Amino acid sequence: MKKKTTALAAPFGIWMAIFTIVPIAMVLWFAFTDANGQFTLANVQEIFAFDPSKGETLWEDSFVSTILYSLWLGFLTTVISLIIAYPLAFSISRATERVQLTMVMLVMLPMWMNFLLRTQAIKSLLSESGLLNQFIGLFGFGPLEILNTDAAIVIGLVYDFLPYMILPLYSVMVKIGKSEIEAAQDLGANTFSVFRRVVLPLSVPGILNGITMVFVPSVSTFVISTLLGGSKRMMIGDVIESMFVGEAPNMGVGSALSLVLMVLIFLCMACTRLVDKSDDYEKGGLTL
Amino acid sequence: MKRWLAVLLCAVLILQMTACSAPVTSEEESEEEEEVVWDWESLPAAEKTGVTLNVYNWGEYIDDEIVDVNRAFTHLTGIEVNYKTFDSNEDMYALLSSGAADYDVVIPSDYTIGKMIEHDMLAPLNFDHIPNYKYIDDQYKDLLYDPENTYSVPYTWGVVGIFYNTKYVDEADLEQGWELLWDEKYSGRILMINNPRDAFGITQKMLGYSLNSTDEEELWTCYEKLKEQKPLVQAYVMDQVYDRMINNEAWIAPYYNGDACIIMDEEEGNPDVDFFVPEEGTNFFVDAMCVLKNSKHKAEAEAYINFMCIPEVAYANAEYIGYSSPHTAGREMQDEELRNDPVYYPKEDVLDRSEVYITLPEETNQYVADLWLKLKR
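Line by line, the protein sequences are chains S and X. Whatever position you read off the first sequence (first residue = 1), add 1297 for my numbering. Whatever position you read off the second sequence (first residue = 1), add 13 for my numbering.
Simulated from the structure, these hints should not be mistaken for lab results. Only a predicted model underlies this, so the values are computations on that prediction, with no experimental measurement involved. Watch out, some of these pointers could steer you wrong.
[Said to hold, decoys possible] Among chain S residues calculated to face chain X with C-beta under 8 Å, some are:
| # | residue |
| --- | --- |
| 1 | S1426 |
| 2 | E1479 |
| 3 | Q1482 |
| 4 | K1529 |
| 5 | R1530 |
Note that CB positions come from ideal geometry on N, CA and C, so glycine has one too.
Hey, can you work out the whole structure from these sequences and the hints?
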């Protein structure tokens, strides 16, 4: 029996090998070889603008600031998404089954549309002559200069990735039974205590999943900063893209950057797993 | 083979003479009737030769309405055309250099032609087969990428200049030339072109350098200039220029003159926007027709290029594409207004100070790319 079920994973295994393992191996290869295929650390050193002959790092020329900038925007996006998604997910999970179905559908609705189109739409909404400014103009305010700022990028990212925060939260919260909450109330817990001692601990796996699913794509996103941020400051995804296309492609450094990004994201995910100490199968995971 | 070709060329030339008399009658006709530039359909169809030419060109870069060039060519020569399009010089180059495709005629841009010549991918042209080459303005011949003009016949050309909104930009400020893009008065209303080659090219011209310079000190000076400009820039954009200029969100933007037909369009565009080419000179680019070295139908390919240089065809292409034409007779046929429009045909002395791009050495490209990333940090 066991053997048979393992075999069922074969199609995915093949898929994984061709489209994940081989590309990662190629990224590793390009990151650590020079044009002649010789092993080199030069690509990684270039990211940190490390000069081996002097043994020092030129921070000004390194990509560290770009990486930190991307991490910062990813962090903001994740926090804002969490603040918006958490109460919403809880209220959906307390509604009747039919309302729940409709609400989940509505949350997923924007995902049916191409994200580039959605980003274009956000661009027109936020622009100087856009709907938002026309609206606040009615009350004599504005125009607000949001487009071409970091705020616009974060708004765009939150808009694009919010469903990925709501859905895992909802899927965990819907399993918190009415009886658990009532039991806590019967034992004299006030609303805040119910939240802190019951709801919050039980929703931790959802929070962690949501954070991972929003943080990872927002840190590594590209194009959004070009469309909404006026391309004044590149995010790490844009830098990596520019290393593979354009007049002076540099696959070595591009691969090394992708690798550094992968390691960073892996570390972040490892941190969230540390928080989620319990291995309780029932609690964890996305179940939709 | 040779004799056969001579017959073919003669046929095309004769047809052309008969064609020349055709459009005159149509000019006076009422506007409602469709203009007939060249009534080739009434001419006898040539016998099928069984040859198929593979032509590789930019998208939306050949007329298929006014004359319907490819159909006319097949009708009159009996040579089939297998027409395919590409989006960028880099894509086209990658495909052809991989040897995965067999093309006869390609129409790349200047610097890519230089690169293809360097890599021995193009065949020298036999200009005896392309008598219509005489129509090409000398100004566009023997340019840096093909110094003796052995491999290419110019098809379209254009320049980078500045689009500005006449409502908000003081006419007197235009005298600053490229410095206008650094004018603090218009802070936050300036767009900058979002690719390193053009952005550096603009700065190089402003500072009086060559835009093919490989001097790292000059390039560094340009970088510092661009850094100085950054706080004034609303956004670095390419095709977003259209929206932002049309909606009055930005007032000043460097871009390609061929796009004036979108930005300055009376109805869909912004009639307040105008275009000028700074006196310091600019980049002017040429897309030209070439025959590939491994083409098996070189003579037919040359006949195709010759066909594209027939005045009616050149006119139809210029009208359809909207870019400036290097073809003297084709340009003559355009409306007086368009033909003398400084947007499409900038003053000659400005052009004298302008340059085409040539392929830069890899180190220079790398250096510019690094500076560009540094600018965007």
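Against the structure, the hints come out as follows:
no.	hint	result
1	S1426	holds, 5 Å
2	E1479	violated, 55 Å
3	Q1482	violated, 54 Å
4	K1529	holds, 6 Å
5	R1530	holds, 6 Å
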